[in-house]
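Participant: Okay, here's what each chain looks like letter by letter:
Number of protein chains: 2
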Amino acid sequence: MFTIEFRFENSAPVKAYAHEGENLLEVARKNNVAIDAPCSGNASCGKCRVRLIGGTLKSEKTRHITEEEYAEGWRLSCVSTISGDAEILVPDIASAYRSRMKVADLSTGKEIEIFEEVKQSIVEAGIELKNDFSLLELEMDSPSLDDTMPDNERLLRAVEAATGRSEIRMAYSALRKLPDALRKGDFKVQCVIRNLAAYVLLMDVIPMGEKATIGGLAIDIGTTTVSALLVDLETGKILAKGSTGNGQIRYGADVINRIIESTRVGGRKKLKKAIVDETLLPLIDGLCHEAKIPSDGIYRICVAGNTTMNHLLVGVNADPIRMEPYIPAFFETNSVFAVDLGIEVSSSTRVRIAPNVGSYVGGDITAGTLASGIWNRPEFSLFIDLGTNGELVFGNQDFLMTCACSAGPAFEGGDISCGMRATDGAIDSFRLDPATKEPILSVLGDPGQKPVGLCGSGIIDVICELFIHGIINAKGQIVSEGPRIHRNEYGIGSYVIAFKEDADSVKDVEITEVDIDNFIRAKGAIFSAINIMLSSLDFDVSMIDDVYVAGGIGSGINMKNAVTIGMLPDIPMEKYHYIGNSSLSGAYAILLSEQAMHKVKEIGRNMTYMELSTNPRYMDEFVAACFLPHTNASLFPTTEEALAANR
Amino acid sequence: MFTIEFRFENSAPVKAYAHEGENLLEVARKNNVAIDAPCSGNASCGKCRVRLIGGTLKSEKTRHITEEEYAEGWRLSCVSTISGDAEILVPDIASAYRSRMKVADLSTGKEIEIFEEVKQSIVEAGIELKNDFSLLELEMDSPSLDDTMPDNERLLRAVEAATGRSEIRMAYSALRKLPDALRKGDFKVQCVIRNLAAYVLLMDVIPMGEKATIGGLAIDIGTTTVSALLVDLETGKILAKGSTGNGQIRYGADVINRIIESTRVGGRKKLKKAIVDETLLPLIDGLCHEAKIPSDGIYRICVAGNTTMNHLLVGVNADPIRMEPYIPAFFETNSVFAVDLGIEVSSSTRVRIAPNVGSYVGGDITAGTLASGIWNRPEFSLFIDLGTNGELVFGNQDFLMTCACSAGPAFEGGDISCGMRATDGAIDSFRLDPATKEPILSVLGDPGQKPVGLCGSGIIDVICELFIHGIINAKGQIVSEGPRIHRNEYGIGSYVIAFKEDADSVKDVEITEVDIDNFIRAKGAIFSAINIMLSSLDFDVSMIDDVYVAGGIGSGINMKNAVTIGMLPDIPMEKYHYIGNSSLSGAYAILLSEQAMHKVKEIGRNMTYMELSTNPRYMDEFVAACFLPHTNASLFPTTEEALAANR
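Chains R and S, in that order, give the protein sequences. Residue 476 in the working numbering is what sits at position 476 of the first sequence, and the numbering runs on without skipping anything. Residue 466 in the working numbering is what sits at position 466 of the second sequence, and the numbering runs on without skipping anything.
Calculated from the structure, these hints are not laboratory results. Don't take every hint at face value.
Each pair may be met inside one copy or between any two copies, as identical chains are not told apart.
[Claimed, not checked] Within a straight-line C-alpha distance of at most 25 Å, the following computed SDA-like cross-link-like pairs (lysine to any residue) qualify:
1. Lys292 <-> Phe380
2. Lys272 <-> Arg169
3. Lys15 <-> Gly54
4. Lys184 <-> Gly267
5. Lys273 <-> Ile343
6. Lys269 <-> Ser295
7. Lys269 <-> Ile343
8. Lys188 <-> Asn334
9. Lys475 <-> Asn632
10. Lys475 <-> Thr263
11. Lys269 <-> Pro282
12. Lys184 <-> Tyr618
13. Lys130 <-> Val159
14. Lys450 <-> Glu324
15. Lys500 <-> Tyr70
16. Lys601 <-> Met149
17. Lys184 <-> Ile256
18. Lys184 <-> Thr263
19. Lys270 <-> Lys560
20. Lys188 <-> Asp254
21. Lys211 <-> Arg350
22. Lys272 <-> Ser295
23. Lys292 <-> Leu441
24. Lys270 <-> Ile343
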């Protein structure tokens with residue numbers, strides 16, 4: 001038995017004991033030491049770097065560690081095994097990762113414009129953004145020796161008089177605050193109430209004179225990224241917005257690895273803690289702080305997440321989701337309160353969870369479908385959500401069909417060495433000057449902003465341009481030479497998009513063959529899924545009237561380029577619409593509107609779920625789609641033309 | 001600034017920092033060091049003894065510490081101030097206190113008999129001991145690739161089919177257990193449900209084959225003692241019973257000191273933790289363990305406690321209770337769930353709190369009144385609950401009047417040097433042999449049990465006999481000499497009830513003049529309250545038809561002796577009835593029966609509350625009653641006769 005001491009930059013060390021030959025990443029996980037490992041220990045992502053600062057460790061050198069770094073003690077923890085006592089420095093990658101992701105959706109003018117359009121279209125589809133919350137101002141007589149009615153009775157009578165309703169229920173958290181609030185407000189208070197059919201629910205009591213806002217949260221819980229809006233439930237106004245990395249990332253990049261991790265001893269608690277305590281609570285705190293409302297001033301929460309995220313959030317066993325016959329614990333549930341999840345707001349604050357429709361199509365898709373409006377039109381539409389999981393919905397006002405595929409985090413800039421979210425410093429579009437073949441970049445941010453990395457739309461452009469100009473081949477391999485092309489000691493090629501002198505970075509902003517391969521697999525997963533779903537309905541791409549693309553890929557997405565590389569079907573460009581983070585927009589609508597909640601349930605119930613993983617054709621289709629644009633080039637005549645034009 | 005190190009017998013030391021002149025008890029409290037201090041720092045009880053084992057401490061010697069003890073380092077912490085670094089040994093008195101109280105109500109055959117009689121009388125008064133809980137056995141089809149309905153929908157449909165009800169709600173905690181329970185039971189389960197008017201509430205899911213009991217808890221939360229019954233909600237059977245000291249005791253012996261403590265920074269949390277985490281949770285754990293049911297198998301809790309105990313339990317500001325105009329936050333509340341209090345059982349387990357009727361008459365009295373049956377009879381009855389607070393209810397089926405007085409813990413054996421609860425080793429009755437004047441004791445327990453201390457009924461007998469035989473005078477002073485009479489260095493006399501050779505104790509079992517004085521003040525409080533309440537209604541004692549005496553004083557209470565010393569009115573003995581812990585019996589009924597809950601609310605609403613503390617006559621009446629039997633001897637002709645017979 002050896003002693004392994006994990007050291008951190010900002011916290012106390014953790015002492016662990018391990019046997020010879022144990023895997024270091026496993027030892028770390030067993031001892032609750034957070035090491036970022038999106039590939040979950042397959043030595044493919046290179047993110048689980050730690051530094052050996054004392055003792056010994058048996059560890060291969062991989063392509064992710066340079067000679068110099070190895071000499072400095074850097075190791076990948078997933079390929080390291082215990083061979084003696086060791087002192088390990090763990091970089092705070094998880095928190096670095098989270099801050100890298102800490103960019104609000106709706107942070108650019110373009111995104112806000114898209115959000116407002118989506119909101120408008122929801123209203124036009126007949127969904128009133130109205131709810132049953134209101135703020136009630138009350139004035140009572142102060143008690144005296146001749147009027148010794150207890151506080152709650154005094155208040156309930158005042159509510160009765162003001163509302164004309166006789167059945168009134170008071171939340172525990174309101175009761176707890178009551179004596180202080182009444183006396184602070186000199187028996188004049190503002191009450192947060194819900195006007196329900198059966199009774200009036202009294203959720204909070206705030207002394208008169210203090211600011212009283214009926215706050216609500218719309219949260220999109222993605223496998224990789226979590227985004228939230230703090231909303232005024234009376235006006236619908238967005239009071240604050242924020243995003244962060246999903247703290248569960250350390251337990252694996254995809255839902256399957258998360259589920260596996262959750263089935264270990266104490267795992268369910270660990271995963272719930274990672275999303276609630278480490279992700280949502282700091283996010284909510286930040287939003288409340290920004291909006292200057294108290295952290296318990298949240299009276300409804302609406303969550304849109306995939307089926308696994310929903311299960312891990314609720315703390316219910318998710319294992320049946322990944323095992324045949326793939327059965328979730330719930331599609332719909334109305335029994336979850338915020339306090340059940342450990343979010344200490346009003347004791348009667350409910351968590352609305354957008355309904356799941358299958359093991360791999362969840363509330364993010366029902367919410368997104370609601371936002372897309374395809375359920376309300378006669379035309380045949382395709383809705384595509386490009387996240388860590390890619391999900392598709394096809395149909396119209398009469399039917400809806402859905403399926404999911406695992407795309408990985410590439411669309412959100414994950415799994416890509418210079419990947420980042422669509423925010424300041426992100427290269428969101430890219431082309432090669434036809435004459436000089438030198439890059440022409442567009443960078444998000446103020447004029448003069450230097451590039452930092454690539455967001456999803458930028459990656460599509462880069463791959464498209466390199467392919468069209470013959471710098472990479474159909475397999476994504478670099479087949480050209482030049483000052484922008486490097487090869488490392490393992491022979492892996494890369495293309496420099498911006499030299500470090502021109503970038504806001506300590507190294508070149510580049511895309512590697514590994515990055516390109518990761519992205520091609522992601523786009524291949526999406527395209528093959530579209531293909532299988534349409535053909536199972538005896539449809540082909542020509543019959544699609546509209547395509548709605550959603551996800552964190554960025555509003556700058558060049559649909560033409562996405563088609564050119566074989567990610568989306570080769571149909572006329574005017575049929576494509578980018579609708580931003582539709583899961584978040586849908587959550588916003590469901591948060592605000594009883595009618596939207598009703599509608600999203602209806603959408604979920606009427607959607608037919610197709611399980612891709614049991615489809616015998618899927619693997620073949622996927623392999624065929626992992627080329628630029630596809631092994632069957634006739635599916636992409638536009639690409640053929642572009643290639644011909646550049647020959 | 002000096003360093004004070006508190007050392008304990010069974011746990012790690014606590015290091016604290018304090019300024020010169022700070023009070024040691026205060027320093028301990030600030031640092032969460034538990035020192036038993038029932039008198040809350042007034043140097044009167046002598047319980048806050050600690051031992052100085054290093055450094056210095058400025059401390060008076062009081063009558064509670066002998067010369068020898070002082071030399072050994074024993075000090076009263078409430079009269080000690082910081083004068084330098086110090087090392088303090090804190091005896092584990094709080095836990096000793098708790099274990100001293102760890103005797104179930106209903107632990108003797110006599111008590112059980114009384115409980116059964118009370119239960120029978122409740123039923124005879126027309127209260128059906130029935131509720132809406134039941135256990136539903138369900139069998140479902142297992143899911144398959146062709147039948148992928150999620151778990152909760154599968155279960156809800158089965159419940160719908162079995163009950164014929166369409167509106168079904170599932171508790172969060174049931175959802176969380178669902179996938180595991182279904183698979184463990186091979187899709188055969190037992191559900192704990194409530195058949196409510198508006199819907200069926202599904203509270204728990206238990207795999208078929210596992211033991212399923214619908215557990216409920218009836219809890220009497222006294223200022224000094226907490227008693228609980230674990231009950232099968234289907235049958236009413238008592239599965240386990242237990243008592244313990246109220247962990248809040250370290251913050252003061254009476255409600256006023258508890259409230260003051262709760263208003264300090266963090267105080268409300270501290271007091272709630274003391275009753276929930278330190279008192280109820282271990283008690284509940286013990287009961288569940290004894291009954292062999294899982295610790296979350298509690299589906300309803302009914303609490304009967306005084307107004308202050310209820311407020312501190314709920315965690316609501318209790319300060320307005322003690323300040324004019326004495327306003328509680330609530331009389332009735334139905335918004336409290338067990339999880340709100342930190343009792344982790346089913347998320348839909350409600351806490352029924354027997355309603356309060358005034359700032360000093362609470363749910364223990366409404367529950368006790370329900371149990372006494374006085375609300376159902378035409379005769380005028382007096383109900384007296386002898387606890388740390390003494391409460392009275394007078395009336396009949398047409399009216400009820402109530403008031404409270406602060407009696408202190410003497411009736412439960414507290415504040416008495418050899419006091420204890422009515423359990424094995426307690427002297428529960430005492431008389432002097434008319435010839436030899438030697439004590440004749442009756443000791444609870446198996447034959448041969450040696451005496452350990454005095455319970456409430458024993459104290460009454462001792463004081464009565466010593467008074468009648470002229471050993472003490474009307475002021476409670478020892479006015480006789482003999483081998484059983486000692487005086488300490490301060491001249492305080494004591495009477496030896498059992499020499500240590502004959503006792504199960506390391507010292508003599510004795511009663512001191514201080515004990516007698518404490519008890520006389522307690523009985524004086526009770527009698528003066530009775531007197532004032534009756535006269536305010538223009539009644540006198542001769543018009544009382546029945547007296548029901550309740551409380552932890554013990555079933556052996558000799559009513560005749562209680563009358564002789566002037567504690568209870570001098571009326572014919574056959575009018576007196578001892579009904580045990582009526583608060584607990586009432587809680588049991590309310591737990592089991594919707595009708596009882598309804599009735600106790602009605603009782604509470606119809607009861608007129610009289611505030612004694614603002615009554616100008618109270619102090620005079622109290623002083624007059626602090627004699628044996630009373631300054632107005634004509635109120636107690638029977639005592640006169642007894643004294644005459646012994647002269």
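Participant: For each hint, tell me whether it holds in the structure or not.
Facilitator: Hints versus structure:
1. For the homomeric pair Lys292 and Phe380, neither the shortest alpha-carbon distance inside one copy (45 Å) nor that between copies (60 Å) is at most 25 Å.
2. Proximity of Lys272 and Arg169 under a CA criterion of 25 Å is satisfied inter-copy only: 24 Å between copies versus 31 Å inside one chain copy.
3. Within a single copy, Lys15 and Gly54 get their C-alpha atoms as close as 14 Å, which meets the 25 Å cut-off; across copies the closest is 35 Å, which misses it.
4. Taking identical chains as interchangeable, the C-alpha atoms of Lys184 and Gly267 lie at most 25 Å apart only when they sit on different chains, with a minimum of 19 Å there against 45 Å within one chain.
5. For the identical chains of this complex, Lys273 and Ile343 are neighbours both inside a copy (11 Å) and across copies (20 Å), given an alpha-carbon limit of 25 Å.
6. Taking the shortest alpha-carbon separations for Lys269 and Ser295, both the intra-copy value of 23 Å and the inter-copy value of 19 Å come in at or below 25 Å.
7. With identical chains, the CA atoms of Lys269 and Ile343 are at most 25 Å apart both within one copy (15 Å) and between copies (18 Å).
8. Within a single copy, Lys188 and Asn334 get their C-alpha atoms only as close as 34 Å, which misses the 25 Å cut-off; across copies the closest is 24 Å, which meets it.
9. Taking identical chains as interchangeable, the C-alpha atoms of Lys475 and Asn632 lie at most 25 Å apart only when both belong to the same chain, with a minimum of 13 Å there against 110 Å between chains.
10. Proximity of Lys475 to Thr263 under the C-alpha cut-off of 25 Å is found in neither arrangement, the shortest distances being 38 Å within a copy and 72 Å between copies.
11. With identical chains, the CA atoms of Lys269 and Pro282 are at most 25 Å apart both within one copy (18 Å) and between copies (23 Å).
12. Proximity of Lys184 to Tyr618 under the C-alpha cut-off of 25 Å is found in neither arrangement, the shortest distances being 65 Å within a copy and 33 Å between copies.
13. Proximity of Lys130 and Val159 under a CA criterion of 25 Å is satisfied intra-copy only: 22 Å inside one chain copy versus 33 Å between copies.
14. Proximity of Lys450 and Glu324 under a CA criterion of 25 Å is satisfied in neither setting, with 49 Å inside one chain copy and 68 Å between copies.
15. For the identical chains of this complex, Lys500 and Tyr70 are intra-copy neighbours only, at 23 Å inside a copy versus 78 Å across copies, given an alpha-carbon limit of 25 Å.
16. Taking CA atoms no more than 25 Å apart as the test, Lys601 paired with Met149 passes between copies only; the shortest distance there is 15 Å, against 44 Å inside one copy.
17. Proximity of Lys184 and Ile256 under a CA criterion of 25 Å is satisfied inter-copy only: 22 Å between copies versus 52 Å inside one chain copy.
18. Proximity of Lys184 and Thr263 under a CA criterion of 25 Å is satisfied inter-copy only: 15 Å between copies versus 49 Å inside one chain copy.
19. Taking identical chains as interchangeable, the C-alpha atoms of Lys270 and Lys560 are never at most 25 Å apart, the minima being 43 Å within one chain and 64 Å between chains.
20. Taking CA atoms no more than 25 Å apart as the test, Lys188 paired with Asp254 passes in neither setting, with 52 Å inside one copy and 33 Å between copies.
21. In the homo-oligomer, the alpha carbons of Lys211 and Arg350 lie at most 25 Å apart inside one protomer (22 Å), although the nearest pairing across protomers, at 32 Å, exceeds that limit.
22. With identical chains, the CA atoms of Lys272 and Ser295 are at most 25 Å apart both within one copy (20 Å) and between copies (22 Å).
23. Taking the closest pair of Cα atoms, Lys292 and Leu441 never come within 25 Å of each other, the shortest separation being 39 Å inside a single copy and 70 Å across copies.
24. With identical chains, the CA atoms of Lys270 and Ile343 are at most 25 Å apart both within one copy (16 Å) and between copies (21 Å).
Comparing the model with each numbered hint stated earlier shows that hints 1, 10, 12, 14, 19, 20 and 23 do not hold.
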